[in-house]
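Heads up: the sequence shown begins at 21 in the numbering used here, then just goes up one per residue.
Treat the hints with care, since some could be wrong.
Unchecked claim - Restricting the straight-line Cα-Cα distance to at most 20 Å, the calculated cross-link-like pairs of lysine-lysine (PhoX-like) are:
(1) 253 / 509
(2) 29 / 309
(3) 236 / 97
(4) 448 / 477
(5) 253 / 29
(6) 403 / 448
(7) 236 / 477
Stated by the list, open to error - Label-pair restraints from in silico Cβ distances:
(8) 84 / 200: 20 to 26 Å
(9) 428 / 116: 55 to 61 Å
(10) 205 / 160: 18 to 24 Å
(11) 73 / 477: 35 to 41 Å
(12) 200 / 342: 57 to 63 Å
(13) 112 / 356: 25 to 31 Å
(14) 201 / 356: 44 to 50 Å
(15) 73 / 114: 33 to 39 Å
(16) 366 / 52: 33 to 39 Å
(17) 421 / 29: 24 to 30 Å
(18) 356 / 34: 26 to 32 Å
(19) 365 / 52: 38 to 44 Å
Worth flagging that the hints you see were computed from the coordinates, not collected in a lab.
Treat the numbers as computed from the prediction; the structure is a model and nothing was measured.
For each residue, glycine too, the CB sits at the ideal point set by N, CA and C.
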Amino acid sequence: MSKGVTSKKEDYSRWYTDVITKAEMADYGPVKGTMVIRPYGYSVWTGVKEAFDGRFKETGHVNAYFPLFIPKSFLSKEAEHVEGFAKECAVVTHHRLMANPNGEGLVVDPGSKLEEEVIVRPTSETVIWSMYKKWIQSYRDLPILINQWANVVRWEMRTRLFLRTTEFLWQEGHTAHATPKEAEEEARRILDIYQEVLENVMAIPVLTGLKSEAEKFAGAEHTYCIEAMMSDKRALQAGTSHNLGQNFAKAFDVTFQTEDNKLEHVYATSWGVSTRLIGALIMVHGDEKGLRLPPAIAPHQVVVIPIGKSDEDISAVHDYLSSTLTSLNDDGIRVHVDDRLTVSPGFKFNEWEMKGTPVRLEVGARDMEKGSAVVVRRDTGEKSFVERDNLVQEIPKLLDEIQNELFQQALTFRQENTNTVENYEEFKELISTEGGFVRCGWDGEPETEAAIRDETKASIRLIPFDENPEGMTCIYSGKPAKHEVIFAKAY
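Use the sequences and the hints to build the structure in full.
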């Protein structure tokens, strides 16, 4: 399988697509820009989803579901919001088809034109806030902490599997609060959850900070984000958390009676991560042989490959490992036994390497005679012989080691490809030749940001929380720096 994968060094984009299709993560849908997530890819997404969902619920959030269709008039109520999404909206104008009078196929029934067009949701703020208006009257109704797992549609011109597709899966949280302090705390709390899952579950190190005004979410007061570096040194926005202030509450006139009987607009947040995280997982950890999945997120943490040619051979391995597999399963380790006789052991080795299973366990007649098994790490390819009686102790330790080392590799790569510059010539040279993250001073002016983006294709990814602009000057204008920022070319 890996023989059909383009080398990362030869063509990174082609490598990325090859890995996705060869590892059976996803395929192209029949409508341009759409994606079919295959069972193996969906099982990875399920792991991501469960990691987030459990943490949301631990912090008091509950799941709900809102309609896919949004009245066009709703998007007009928040001007900045509609401007941000107008060019990406799919619009439904009719509700019925009919047989073509000339007998060839189907046509839209002109009599089914809708009184008001509806938008296939690009995001759900407007429809959710129309409902919050019905549900919120008093401070006693607050806070509302709702999340939904859903699909959204944004009609993209240039698409790429997982990273940017016309339809994608995500979670979107929408909360309502009585005070600006509560809303701000909520936005930061969610950002912490995003960072914790990315780093501790997906083994992807991220930077956290604030988006510039030009990069923030349409309709937000301000946007927080997590940014990750891919293995081609480009940035990927991996998640965002928005403090919406009172903007949407005012647009939909959502007010509440305060404890001292005053009428006030509520404060809001929204936040989301999507299936683009699967793209990040592939690009951060993948190698020339395919995926390398962190154990915490891998559908199968261990794959057992019996070496044999008959049902009897396979059965003997099952019996040999019976108590070991029971103990591993009892410890919560996800083990899969690949006992197919229709393909060779070599094919299985290659397939599970491509799919990124962290540990491979090979057992044949000679291994059973010795009372051992061959243990192969996917991340390094290292092979060792472990006594059967020690497998229950060694495999969990090995999985922890792989999880930690994948994170450290990615962190080291980011650190080695993050540079600080003091002038524009050095900045342009780094961006054009080395890439990576560039820390520098920015005068805070939108015109400066736009000029740098137009000239270099690099954008401000975030204003990091650990910024220290004191004594710095803007690399472009030479004025005193208002912020220390991180620029990069991005997906």
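These are the hints, each one checked on the structure:
| no. | hint | verdict |
| --- | --- | --- |
| 1 | 253 / 509 | holds (8 Å) |
| 2 | 29 / 309 | holds (13 Å) |
| 3 | 236 / 97 | holds (19 Å) |
| 4 | 448 / 477 | holds (10 Å) |
| 5 | 253 / 29 | holds (13 Å) |
| 6 | 403 / 448 | violated (44 Å) |
| 7 | 236 / 477 | holds (18 Å) |
| 8 | 84 / 200: 20 to 26 Å | holds (24 Å) |
| 9 | 428 / 116: 55 to 61 Å | holds (58 Å) |
| 10 | 205 / 160: 18 to 24 Å | holds (20 Å) |
| 11 | 73 / 477: 35 to 41 Å | holds (36 Å) |
| 12 | 200 / 342: 57 to 63 Å | holds (60 Å) |
| 13 | 112 / 356: 25 to 31 Å | violated (43 Å) |
| 14 | 201 / 356: 44 to 50 Å | holds (48 Å) |
| 15 | 73 / 114: 33 to 39 Å | holds (37 Å) |
| 16 | 366 / 52: 33 to 39 Å | holds (38 Å) |
| 17 | 421 / 29: 24 to 30 Å | holds (28 Å) |
| 18 | 356 / 34: 26 to 32 Å | holds (29 Å) |
| 19 | 365 / 52: 38 to 44 Å | holds (40 Å) |
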